Amino acid sequence: MNFTRWSARLPGTQRRAAARTESAVSPDRRGDGSVPAARAERSADASPAPAVDVLPARDVLDRVPALVALVHGPDHRIGYVNDAYTTAFGTRPTGVPARDALPELAELGLLPLLDQVLRSGRPRTLKSRKAVDGRSYTFTCTPVTEDGDRDAGVLVFATDVTDHAEAAERLRASERRQRETAVTLQRSLLPQELEQPDDLRIAATYQPGGTEAAVGGDWYDVITLGGGRTALVIGDVMGRGVRAAAVMGQLRTAVRAYARLDLPPHEVLQLLDGLAAEIDANQIATCVYAIHDPNEGRLLYASAGHLPILVRDENGVVSRADEPTGPPLGTGGWMHSSGCVALGPGATAVLYTDGLVERRDADLDEGIAALAGALAGATGTPQVVCDRLVRSAGVTADHDDDVAVLVLQHPARTGPDGDLFRNAALELLGGVEAAPRARAFASGVLTSWRFPAELHDLGVLAASELVANSLQHGVPPMRLRLRRTDRRLIIEVTDGDDHLPRRRLAEPGDESGRGIAIVATIASSWGCRRTPGGGKAVWCEFVLPRG
Numbered sequence: 042m043n044f045t046r047w048s049a050r051l052p053g054t055q056r057r058a059a060a061r062t063e064s065a066v067s068p069d070r071r072g073d074g075s076v077p078a079a080r081a082e083r084s085a086d087a088s089p090a091p092a093v094d095v096l097p098a099r100d101v102l103d104r105v106p107a108l109v110a111l112v113h114g115p116d117h118r119i120g121y122v123n124d125a126y127t128t129a130f131g132t133r134p135t136g137v138p139a140r141d142a143l144p145e146l147a148e149l150g151l152l153p154l155l156d157q158v159l160r161s162g163r164p165r166t167l168k169s170r171k172a173v174d175g176r177s178y179t180f181t182c183t184p185v186t187e188d189g190d191r192d193a194g195v196l197v198f199a200t201d202v203t204d205h206a207e208a209a210e211r212l213r214a215s216e217r218r219q220r221e222t223a224v225t226l227q228r229s230l231l232p233q234e235l236e237q238p239d240d241l242r243i244a245a246t247y248q249p250g251g252t253e254a255a256v257g258g259d260w261y262d263v264i265t266l267g268g269g270r271t272a273l274v275i276g277d278v279m280g281r282g283v284r285a286a287a288v289m290g291q292l293r294t295a296v297r298a299y300a301r302l303d304l305p306p307h308e309v310l311q312l313l314d315g316l317a318a319e320i321d322a323n324q325i326a327t328c329v330y331a332i333h334d335p336n337e338g339r340l341l342y343a344s345a346g347h348l349p350i351l352v353r354d355e356n357g358v359v360s361r362a363d364e365p366t367g368p369p370l371g372t373g374g375w376m377h378s379s380g381c382v383a384l385g386p387g388a389t390a391v392l393y394t395d396g397l398v399e400r401r402d403a404d405l406d407e408g409i410a411a412l413a414g415a416l417a418g419a420t421g422t423p424q425v426v427c428d429r430l431v432r433s434a435g436v437t438a439d440h441d442d443d444v445a446v447l448v449l450q451h452p453a454r455t456g457p458d459g460d461l462f463r464n465a466a467l468e469l470l471g472g473v474e475a476a477p478r479a480r481a482f483a484s485g486v487l488t489s490w491r492f493p494a495e496l497h498d499l500g501v502l503a504a505s506e507l508v509a510n511s512l513q514h515g516v517p518p519m520r521l522r523l524r525r526t527d528r529r530l531i532i533e534v535t536d537g538d539d540h541l542p543r544r545r546l547a548e549p550g551d552e553s554g555r556g557i558a559i560v561a562t563i564a565s566s567w568g569c570r571r572t573p574g575g576g577k578a579v580w581c582e583f584v585l586p587r588g
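Sequential numbering from 42 applies to the sequence shown in my numbering.
To be clear, the hints were calculated from the coordinates, so they are not data collected in a lab.
In silico EDC-like pairs for lysine to aspartate or glutamate, Cα to Cα no more than 16 Å straight-line:
(1) Lys168 / Asp204
(2) Lys168 / Glu148
(3) Lys171 / Glu148
What you are looking at is a predicted structure, and each value in this text was computed from that prediction instead of being measured.
My request is simple: use the sequences and hints to build the entire structure.
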């Protein structure tokens with residue numbers, strides 16, 4: 042029964058059932074309908090398509106747009122080239138060895154490939170080679186056998202892939218330009234010349250990843266804080282490309298701004314953590330911020346998910362500053378804390394990014410241990426140590442990750458060089474005699490250090506003003522410290538009160554408020570900071586005359 046005319050009147054379920062029933066009808070009965078019968082009649086009248094084996098091969102190959110050549114025997118004598126081949130490279134005589142008659146294939150190195158095809162009996166492909174006609178082709182060489190003779194010949198089939206090759210080259214050129222832009226941005230955001238503090242010798246290196254890898258966000262910095270102290274920073278922004286380099290530049294600028302506040306390392310990281318989340322909530326960064334104080338002989342640091350600092354002491358023993366370490370910047374909700382590691386005279390410290398020690402086939406701790414072993418045997422200037430560590434880690438021009446290394450040494454100074462670096466300190470017990478004692482102490486020390494008379498007088502005046510300010514506004518314990526280097530004289534007074542002084546304009550009738558203004562006027566620079574154990578330190582510097 043044909044349900045077609047009734048299906049419009051049936052509900053949906055019945056229509057579908059009817060259709061299934063109709064589809065089960067035998068082919069003979071289905072042929073009773075007018076439309077299927079007509080189709081059957083047309084199919085019977087259609088002429089059969091010719092079989093492939095009756096098609097003339099030469100006519101087919103002559104019309105193929107690809108380049109086709111057939112060579113015979115071990116010397117690859119030409120048996121046939123199609124019209125497309127002739128159009129591309131000109132007429133080629135038959136019966137002549139390919140080495141003489143097909144120089145274009147010889148220049149592309151295709152003749153050894155033909156030998157391989159004959160020996161192995163398997164096809165070979167040479168992808169995207171630029172020929173003498175300026176076009177790019179992909180060559181496929183297929184063995185041709187006759188009556189089991191494997192040396193019968195080889196069919197060379199060349200497809201024009203010039204458009205694909207040019208598109209690929211444009212893409213590679215675009216990627217190269219983007220990488221060059223990122224590398225230029227990265228290098229421009231890194232310090233062009235490292236600051237060289239008086240008490241440390243420092244060197245650094247940055248090497249971007251290989252040509253196939255996008256540049257990352259590694260950075261380092263050295264910041265002189267005044268009073269003989271130095272901040273050292275190294276960090277790594279997760280991700281690659283221009284965006285990572287831009288985020289790195291913003292973080293580095295922020296670090297320098299926060300460093301001017303002379304805050305403890307963990308407070309600097311706390312500020313950076315909030316800033317990193319504001320810059321880009323999807324990107325995080327690791328960072329180590331450390332401060333070196335030559336008076337204390339140690340490195341005070343805080344780490345936000347970064348790799349541990351390695352320190353080699355004067356005896357060649359290497360230690361790792363593992364704790365404390367918090368999560369990376371940008372994660373939020375974590376209170377960072379500071380730790381310290383000894384860095385006395387003769388010691389060397391290394392700060393680095395993961396590209397130096399991380400390998401896909403090895404554990405990270407193994408890479409750090411290998412770096413520690415290399416540091417134990419690395420001697421010489423910071424730059425020499427830096428280069429040796431990079432070489433020992435196997436970092437080459439095609440390395441797959443960025444590498445940043447910062448090496449600092451606290452040299453042990455002896456002999457005439459040691460005479461240029463001196464320290465002197467006086468405990469101030471308070472009372473009316475404290476100021477005269479401080480002036481007398483400063484005068485005696487500066488005289489023994491053979492400073493010129495003008496610098497001597499300025500140093501005594503600055504020490505007197507700083508001590509008077511501390512006696513009036515501070516609380517015990519108080520200390521006066523004088524330090525000289527080969528470049529400057531540093532005067533520092535510490536006390537137990539954490540209220541930081543500020544420079545202000547004193548009115549004519551005021552009896553106080555002029556001490557800091559006097560110090561700021563006569564000294565090259567001055568500053569103040571809170572000390573880790575509570576209290577504050579106020580300092581000033583005088584640049585020594587050269588010669």
